[in-house]
Structure formats: structure tokens, C-alpha cells
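Protein sequence lines, in the order shown, are assigned to chains A, B and C. If you're matching positions, the first sequence starts at 1 in my numbering and goes up one per residue. If you're matching positions, the second sequence starts at 1 in my numbering and goes up one per residue. If you're matching positions, the third sequence starts at 1 in my numbering and goes up one per residue.
Check the hints yourself; a few may be wrong.
Claimed, not checked - DSS-like cross-link-like pairs, simulated, lysine-lysine; straight-line CA separation at most 27 Å:
hint	chain 1	residue 1	chain 2	residue 2
1	A	LYS63	B	LYS5
2	A	LYS45	A	LYS110
3	A	LYS176	B	LYS331
4	A	LYS45	B	LYS5
5	A	LYS110	B	LYS331
6	A	LYS176	A	LYS18
7	A	LYS219	B	LYS5
8	A	LYS71	A	LYS18
9	C	LYS338	C	LYS174
10	C	LYS103	C	LYS46
11	C	LYS271	C	LYS283
12	C	LYS160	C	LYS338
Source of the hints: derived by calculation from the structure; they are not laboratory data.
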Amino acid sequence: MIQIDQLNYAYGHKQVLKNIHLDFPENQFSVILGRNGCGKSTLFKLMAGLEPVKEGLIRYSGKPLSDFKGKDRAALLGFLPQFHKTVFPFLVKDVVITGRAAFSRFRPSKSDWERVDQALLDLDIEHLRDRPYTELSGGERQLVMIARILVQAPKVILLDEPTNHLDVYYQSYLMKKLRQLSRQNFTVIAIMHDPNLAFLFADHLFFMRQHEVVKPESKTRITDPKFLKSVYDVEFHEAMIQDKTIVIPDHSWL
Amino acid sequence: MNMEKLKYYWFYPLPFLMIFISLLIGPTQSLSAWDYVLWGVQAVFGTPYFDAEQFRLMQNILVNVRLPRILLTFMVGAALATAGNGLQALFRNPLVDSYVLGISSGAAFGAALALSLSWLSPNLSAFVFGVCAVALTYLFAHQKHESQTSLVMVILSGMIVSGLFLAGLTIIQYLSDPFKLQAIVQWTMGNLHQATWQKVQYAVLPICIGLAGLFAMRWRLNLMALGAEEAQAVGVNPRWEQLILIALVTVCTSTSVAAAGIISLYGLFMPHIVRMLVGPDHRYSIPANMILGGSFLLMIDNFSRVLLTFEIPIGIFTMLLGAPFFLLLMKTQRTHWA
Amino acid sequence: MPKMRLLVSILTLFILYGCSSSEQNRKTQENLTTHSICVFDSTNTKVCVAEPAQRIVSLFESGLDGLYMLGQGHKVIGIPAEVYIQPLLFNAYSKIDQRIANKQLATPSQGANATNIESLVLLKPDLVIVGSGQTQTIELLRQFGIAVYVMESGTYEQVKEELSEIAVLSGAQKRAQEILNFSDEIVAEVAAKTARQPNKQSIYYAWSGGRIFSTSGRESITNDFIELAGAYNIVQTNANQPNVNPETLIEWNPDNIVLWNTNPKLIYERKELQGLSAVQNRKVFNLSPAFIYNPHTIKIIITAIYLNHSIYPEQSDLPVSALQQRILTKLYGEQLAKALVQ
Chain A
1 MIQIDQLNYA YGHKQVLKNI HLDFPENQFS VILGRNGCGK STLFKLMAGL
51 EPVKEGLIRY SGKPLSDFKG KDRAALLGFL PQFHKTVFPF LVKDVVITGR
101 AAFSRFRPSK SDWERVDQAL LDLDIEHLRD RPYTELSGGE RQLVMIARIL
151 VQAPKVILLD EPTNHLDVYY QSYLMKKLRQ LSRQNFTVIA IMHDPNLAFL
201 FADHLFFMRQ HEVVKPESKT RITDPKFLKS VYDVEFHEAM IQDKTIVIPD
251 HSWL
Chain B
1 MNMEKLKYYW FYPLPFLMIF ISLLIGPTQS LSAWDYVLWG VQAVFGTPYF
51 DAEQFRLMQN ILVNVRLPRI LLTFMVGAAL ATAGNGLQAL FRNPLVDSYV
101 LGISSGAAFG AALALSLSWL SPNLSAFVFG VCAVALTYLF AHQKHESQTS
151 LVMVILSGMI VSGLFLAGLT IIQYLSDPFK LQAIVQWTMG NLHQATWQKV
201 QYAVLPICIG LAGLFAMRWR LNLMALGAEE AQAVGVNPRW EQLILIALVT
251 VCTSTSVAAA GIISLYGLFM PHIVRMLVGP DHRYSIPANM ILGGSFLLMI
301 DNFSRVLLTF EIPIGIFTML LGAPFFLLLM KTQRTHWA
Chain C
1 MPKMRLLVSI LTLFILYGCS SSEQNRKTQE NLTTHSICVF DSTNTKVCVA
51 EPAQRIVSLF ESGLDGLYML GQGHKVIGIP AEVYIQPLLF NAYSKIDQRI
101 ANKQLATPSQ GANATNIESL VLLKPDLVIV GSGQTQTIEL LRQFGIAVYV
151 MESGTYEQVK EELSEIAVLS GAQKRAQEIL NFSDEIVAEV AAKTARQPNK
201 QSIYYAWSGG RIFSTSGRES ITNDFIELAG AYNIVQTNAN QPNVNPETLI
251 EWNPDNIVLW NTNPKLIYER KELQGLSAVQ NRKVFNLSPA FIYNPHTIKI
301 IITAIYLNHS IYPEQSDLPV SALQQRILTK LYGEQLAKAL VQ
């Protein structure tokens with residue numbers, strides 16, 4: 001679905017992405033992991049089209065992102081930015097319906113409103129429909145923003161650190177929803193830094209370290225502590241719970 | 001229409017009521033409002049309450065003195081309030097008004113230049129320099145390597161441009177003789193009392209265009225008010241829409257300043273008042289600003305006409321009346337500011 | 001903090017010293033003038049010169065005019081910048097003084113508020129005439145020990161008083177007396193003629209530059225010349241420059257409208273004013289060329305005579321222009337009188 005070839009990017013003289021080569025499959029939930037400063041946010045910005053690609057190629061279904069304009073772009077790609085501060089107390093339904101802004105020029109149509117109701121239902125937040133957005137908790141706001149993307153219904157959904165401000169309930173809730181969405185014809189790609197949630201819910205995992213993509217050597221598990229140490233500079237221990245593997249940081253110094 | 005919707009539409013008949021009342025009100029001491037009602041009866045039914053000359057005199061006052069002023073006031077009020085609403089959405093900051101882009105300083109400078117050179121029309125000059133100020137502001141703020149022009153930069157460069165034009169204005173005032181200085185100061189303080197049909201004619205087209213454009217964009221303002229990145233997140237490039245919005249706001253505001261001088265802070269607090277009444281959704285607040293903005297300024301102007309025989313610039317009244325009203329609303333309503 | 005306290009006390013000492021020294025300078029000026037020529041100006045300050053002034057800088061245009069009328073124009077070494085900048089003034093003064101026509105006289109000022117103190121002092125004047133608005137300039141000049149005469153000319157009485165005071169300071173008392181006696185005569189003539197009128201007419205005065213709804217109240221020089229002309233000001237408030245609502249003007253319906261250097265067409269063309277009796281009877285008068293009507297000088301009597309003859313046209317033995325020539329000749333001499341009216 002999304003192919004990234006030989007992507008290089010620099011801010012001034014500082015090289016932020018080195019020769020990135022990635023392939024994201026369709027209708028799957030992929031996660032990119034890495035430490036702060038490894039370049040994941042920059043990668044996200046380039047994939048979302050917030051910054052222009054200078055060196056390299058990012059292709060969606062074979063075409064570069066810049067070829068998609070207007071409605072086609074909106075039908076292709078939607079993303080969730082990391083911070084959003086809202087000043088005005090719009091009602092949740094009014095926030096969600098702005099997801100149709102690329103398709104309905106001057107006023108939303110009846111079918112647009114129907115989509116809104118469906119999206120709120122899908123995310124189990126219909127009870128928030130007429131509440132002011134500014135009164136919601138962090139988790140609820142995140143879900144509203146996702147409802148917005150659902151209403152837009154792009155093929156690809158990009159999320160930048162979606163679980164950062166959420167409590168445990170909403171973290172697992174969100175991850176569950178993202179996985180469900182990937183089964184409902186969306187391609188979901190998220191940037192995260194908590195490995196465990198990714199291990200539990202994602203289909204594909206990609207790692208970045210110091211501006212490059214790193215892969216474990218063949219036959220090595222991604223949960224292998226040696227590999228993870230090279231990514232995170234932290235000693236980990238593996239543990240199996242039911243059929244899933246998680247990792248915990250080393251605590252022998254306690 | 002259920003009670004819910006009433007909240008959004010109850011004020012729609014207000015303009016007609018206000019215009020009717022405003023026609024009856026005036027500083028004329030020998031003729032009262034009731035006399036003008038009788039005039040109306042005589043005009044329609046022919047009942048002879050007044051002799052021909054008195055009738056003509058009253059007609060003259062109604063048609064040539066009151067009506068143009070009422071229309072101009074309403075248009076200017078609507079234009080300033082709606083433009084303020086649009087800009088507050090664009091900047092996502094409820095503390096901006098239509099003058100933040102440097103329009104008022106540019107227009108004041110233009111008018112002062114015209115008044116001191118006396119071969120230039122002050123209103124045309126004010127309009128042109130108002131537009132120049134916005135163009136300069138945008139030019140200063142534009143960064144080539146960034147795809148989006150940061151709104152903080154726009155506000156800062158607006159301040160710079162304002163400062164430049166104010167310096168120019170001060171120089172002109174410094175070099176003017178006392179009479180020209182008086183003329184400049186009076187022009188700047190707001191001069192709705194010099195309304196003529198000619199001014200109405202010049203102002204009606206640009207203001208209608210500006211307001212129509214803002215009305216068409218009312219839903220898109222919701223999107224803009226969520227943020228530039230949030231707009232891009234759903235596949236919309238906000239750049240063109242921002243430019244169009246700024247152009248519409250500039251047309252509305254420059255025309256208002258050119259026709260009526262500088263009416264401070266009206267474009268700031270009126271959208272707030274409207275937002276307290278109908279909420280932040282621009283699909284309701286834009287038409288509300290047009291209607292309530294025009295009606296409220298008209299009401300303020302009526303006050304100033306009735307209170308004193310001599311004209312005091314309307315800017316003073318907008319502050320004296322608007323501020324306490326705004327304060328009252330603030331205290332009695334719960335606002336949901338984040 | 002002891003260092004802060006020291007700094008603050010030093011600063012306070014400087015300030016106190018600064019305040020006191022200006023006091024001293026003023027006292028010095030007053031001390032040397034026990035046997036000299038003194039008057040009290042409009043700020044009630046004693047202004048003295050040891051002998052009649054020979055080098056006079058006038059930054060007040062009406063004062064400059066007065067000097068020429070008193071025949072002391074040759075003593076002028078500095079004039080206000082507006083004389084060069086405003087075409088009306090430049091035309092008039094070029095005819096009065098060749099040096100002005102050739103732009104030879106210095107102008108140590110830029111506008112009403114911008115006086116270049118240095119250039120002024122370099123001219124070495126022994127008398128400086130200033131308008132009352134320039135308080136800082138006045139302060140500074142007095143600190144230099146220069147005689148500064150502050151003028152206002154805000155009423156007819158004040159105009160007469162200040163003309164005679166300038167005459168005292170420049171040694172032209174006889175001439176001043178001549179002019180003032182003459183003007184009293186004229187005023188008496190006008191008053192006599194007005195007394196024969198059954199009803200006093202009203203005048204509405206509008207400011208120049210098309211601001212026809214900007215007028216003058218009862219406490220202004222405009223009011224004075226309206227009264228001298230034998231009419232009364234339709235504006236009854238004391239405010240100096242009020243703005244009226246067009247409706248109010250229509251309601252007042254003044255008998256006459258007087259404009260300053262503005263084409264009466266501006267009034268005749270206004271739709272809303274068509275009903276005014278002044279418009280219908282064509283009694284809209286324009287004071288032009290503005291120079292000969294300047295009410296802040298003794299020429300206020302020309303204004304009075306012109307208006308008096310215009311609003312009461314029936315009984316006049318001489319045409320207005322002849323009367324104006326008579327007055328101008330008295331003030332400036334025959335040649336100039338003809339030239340100024342063109």
C-alpha cells in the first residue's frame with residue numbers, strides 16, 4: 001500500500017532521516033517504534049504530507065503523495081496529529097462533521113450527518129454527541145478526533161503517538177479499535193514508543209534507531225532483548241502471558 | 001420550529017424593527033417620534049396632519065438625513081462584527097478584531113494623507129491604504145520555505161505594519177496646521193454623522209460582497225477554527241481558504257473604515273456577545289453577527305443621536321455601552337473556554 | 001541594598017537641582033528689567049525688553065501680520081513655516097514682504113508643535129512671539145533669557161490688547177493707537193447701522209475643508225465676528241468646535257450660512273439642505289480670500305463689515321469692496337490693499 005524508498009531528510013545541516021526504506025501492507029495495523037529523536041515524527045510528517053519530500057519517494061498505491069489532490073487526497077489519507085488545542089467549545093457532532101470538509105463544500109449534507117452518527121456509534125461515544133468538545137477528557141477527545149477520520153473515510157489512517165495522553169482504559173480501547181478498523185478496510189499506521197501495546201495489538205512492527213530503520217537479524221524475534229536493547233538502549237526481559245510476549249525493563253538494580 | 005432552534009433564529013426580525021424605530025428617532029426637538037408616525041400615516045393614507053411645507057421638511061429629514069445614516073450604520077455594524085467573527089476563527093483566538101491586520105492604522109494614515117493634501121478623497125485613500133496594510137502584513141509574515149504561514153507571524157507583522165503606519169500618521173499630524181489636525185482627528189474618531197447617500201452607494205457593494213462571501217464560508221470557518229493542522233488532517237489545504245477569508249475580511253473592514261472612520265473594539269466584543277447567545281458554530285454565528293452586529297450598532301447610534309444635540313464620535317459610545325453589556329453577559333453565562 | 005539607595009539619592013539630587021535652576025534663570029531675566037519696557041502677555045507673565053525690539057522672530061502668524069500692520073515688518077527675522085507652506089499665506093505675504101517672496105526669511109519651525117530651538121536661538125532675536133499652544137518652546141526660550149511674548153488672540157478684545165502690547169515692545173505705540181481708533185470707528189459705524197435693523201439675523205458658520213457640520217460655539221473668535229457683524233450665532237452652546245447633526249441644522253434654519261474659504265456650491269448641492277431658507281434665498285457667503293478676513297487679527301473688522309453688508313443688503317451707502325479697500329489701505333497702505341484682494 002505505502003512504499004517508502006530511499007527517503008532522506010535534513011533540517012538544515014542536521015540529517016534526520018537516513019535512507020529510509022519501508023513497505024506498509026494494505027488493511028493491516030502497522031506500528032513504527034523507536035526512541036524520542038530517532039526521526040519517527042519527521043517520518044510521520046513526510047508521510048502525512050505536512051512537509052515536502054526532498055530526496056526519496058513516498059508512494060501510495062504506486063503514486064507519489066503529491067499526485068493526490070483535493071478530494072482524492074482526502075479519500076486517500078487522514079491523520080491524527082499529536083497535539084490539538086481547541087479554543088472554541090464546539091459540540092462533538094460539529095467537530096466530527098468537519099471530517100467531511102473536503103467533500104462537502106459549503107454545508108454538510110444529510111448523508112454526512114448519518115455518517116457522523118454511525119462513526120459515533122462505532123466508537124461507542126454516541127452519548128457525547130451534543131457535549132461541548134472542551135468539556136471532554138483526553139481520551140474522549142482522542143476518540144472524537146478518530147470519529148472525525150472515520151467520517152472522512154480515507155484508505156489510510158496515520159496516527160502520531162495516539163496513546164500518549166490516555167489512561168489505561170482508553171489506551172487498550174483505542175488499540176482495540178485501531179485493530180478492528182484495519183479489518184474494516186482501513187490501513188492503519190501508528191507511531192508509538194511503548195513496545196508492549198504494539199506487541200499486543202499490531203500486525204506489523206517497524207523499528208527506528210538514530211534516523212535509520214533497523215531490523216532484527218533473520219530468525220531473531222522482534223521481542224528479543226538483545227535486539228530491543230539496540231533499539232532502546234535498555235535491558236529488557238521477555239515474558240509470555242497466555243499466547244503473547246511482552247517485555248519489561250530490567251530491574252535488577254532494585 | 002422547536003424551542004431549541006428558536007435560540008438561533010429569534011433575532012431575525014430585529015433589523016426591520018430597529019430600522020423602523022431608528023427612523024422615528026432623532027435630535028429634532030420640535031418634532032417627536034409620534035409626529036413622524038403621523039407623517040407615515042399621512043404618506044400612506046393622505047390624512048392631513050401637517051401642511052405641505054412641514055410634510056416636505058419631514059420627508060427631507062427622513063429620506064436625506066436619517067435613512068442614509070441608518071443604512072450605513074447597519075452595514076458598517078454588520079461588516080465589522082462578521083469580519084471580527086471570521087478573523088477570530090482564523091486566528092483561533094477570541095481576542096483579535098478586524099484591526100489586527102493593520103487595517104485601522106493604514107486607513108487612518110490614508111485618510112490623514114488625503115486630508116492634508118486635499119486633492120485626494122479621504123475615503124478612497126483610506127480604503128486603498130487599508131488594503132495595502134493587509135498586503136504588507138501578509139508579505140512580511142510569509143515564509144517561503146514553510147508551506148504554511150504561521151498565524152503568530154501574521155499577528156506580529158500586523159503589529160509592525162500598524163506601528164509603521166501610526167508613525168506616518170503621527171508625522172502628518174505633527175506637520176499639520178491646527179485646522180487640518182482637527183479634521184484628521186475627527187475623521188479618525190468615527191464620523192457616521194456625516195453619512196450621505198453617496199457614502200451608502202460606495203459602501204453597499206463591497207460590504208455586500210464581503211458579507212456574502214463570509215456567509216458562504218460559514219461552515220468552513222468551523223474547520224478553520226479547529227486549526228490548520230486539523231484541517232490538513234482531513235485532507236483539506238487551508239492555505240487558499242485562509243487567503244480568501246483574509247481578503248473578505250479586508251474588504252469588509254476597509255470599506256467600513258473608509259465610510260465611517262475607526263469604531264474601535266466593535267469587531268472584538270460583538271462576536272463574543274453573539275457567541276454567548278448562539279454558540280461557537282459559525283453556521284449560526286455568522287448570520288447572527290450580521291444581524292445583531294448591524295442592529296446593535298444602530299441602537300448605539302440611536303442613543304448618541306437622542307442624547308445630545310451635538311455629535312460625539314460613535315467609537316466612544318461603542319465602548320461605553322458595549323463594555324458593561326459584555327460584562328453582564330460574561331458574569332451571567334457560563335462559558336466553556338478551555 | 002545600599003547601592004540602590006545611593007543611586008536613588010543621587011538621581012533625586014539631580015532632579016531637584018534641575019528644577020531649581022530654571023527658577024533662577026527666570027528671576028535673572030526679571031531682575032535686569034527694572035527700567036525697561038514691559039507688558040503682561042496672555043499667560044500673565046511679565047515680558048520685558050531693555051529697548052524697543054529690533055530683531056523679532058514671530059512664530060504666530062497673526063502676530064506676524066500685526067507687525068506688518070504696525071510698520072515693523074523690517075524688524076522681522078524669523079517667520080512660521082506655514083507662511084511658506086500654505087499657498088494662501090504665501091501669496092499674501094509675498095506681496096507684503098519681498099524677502100518672503102524670495103524665501104529669504106528663516107523659519108525655525110515646522111508646524112504648530114515643531115520648533116527648532118537651536119536655529120531660533122542662532123538667529124539672536126531680542127523678541128520672540130509665540131502662540132500659546134507651544135508651552136515647551138516657551139519654557140525653553142525663557143530659560144535662555146530671551147523675551148518671549150505669548151499670544152492668543154482668542155477674542156476681539158484680546159486681539160486689540162495684544163496688538164497694542166506688541167506695539168509697546170517694538171516701539172510702535174503711536175501707530176497702534178491709530179489702528180485701534182480706526183477700528184473702533186468702523187465697529188461703531190456697523191453697530192449704528194445694525195441698530196436701524198428691525199430684527200437681528202442669525203448666522204451659522206461652517207469650517208473649511210468641506211466639514212460643513214463642524215461649527216463654532218458661543219465662546220470663540222467666530223462668535224465675536226458674528227456679533228460684530230450685527231448678527232447672532234445660531235449655535236447656542238459654549239463648546240468651541242462642536243459637530244451638528246444635519247437634522248439640527250435643518251431645524252434651526254439659520255438666516256445665513258458663512259463659510260471659510262469654501263465654495264458655497266458645497267452647501268447648495270446638498271439634497272438634505274435644500275429646504276433651508278439660507279439656501280433658498282442664496283444667503284450663503286464665503287470668506288475668501290481668507291487672508292483679508294483673518295479674525296485673529298484686527299482684520300476681524302473687515303469680516304464684520306463684509307458680513308454686515310451681505311446679510312443686511314438694503315441699506316448701504318458704499319459698496320462692500322470700497323469699504324474693504326478703505327480698511328486695508330489704513331492697515332497696509334494703498335498699493336498692498338489693492339494687491340491683497342486679488
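Now for the hints, and whether the structure bears them out:
no., hint, result
1, LYS63(A) - LYS5(B), "violated (47 Å)"
2, LYS45(A) - LYS110(A), "violated (33 Å)"
3, LYS176(A) - LYS331(B), "violated (44 Å)"
4, LYS45(A) - LYS5(B), "violated (42 Å)"
5, LYS110(A) - LYS331(B), "violated (38 Å)"
6, LYS176(A) - LYS18(A), "violated (32 Å)"
7, LYS219(A) - LYS5(B), "violated (65 Å)"
8, LYS71(A) - LYS18(A), "violated (32 Å)"
9, LYS338(C) - LYS174(C), "holds (25 Å)"
10, LYS103(C) - LYS46(C), "violated (33 Å)"
11, LYS271(C) - LYS283(C), "holds (17 Å)"
12, LYS160(C) - LYS338(C), "holds (24 Å)"
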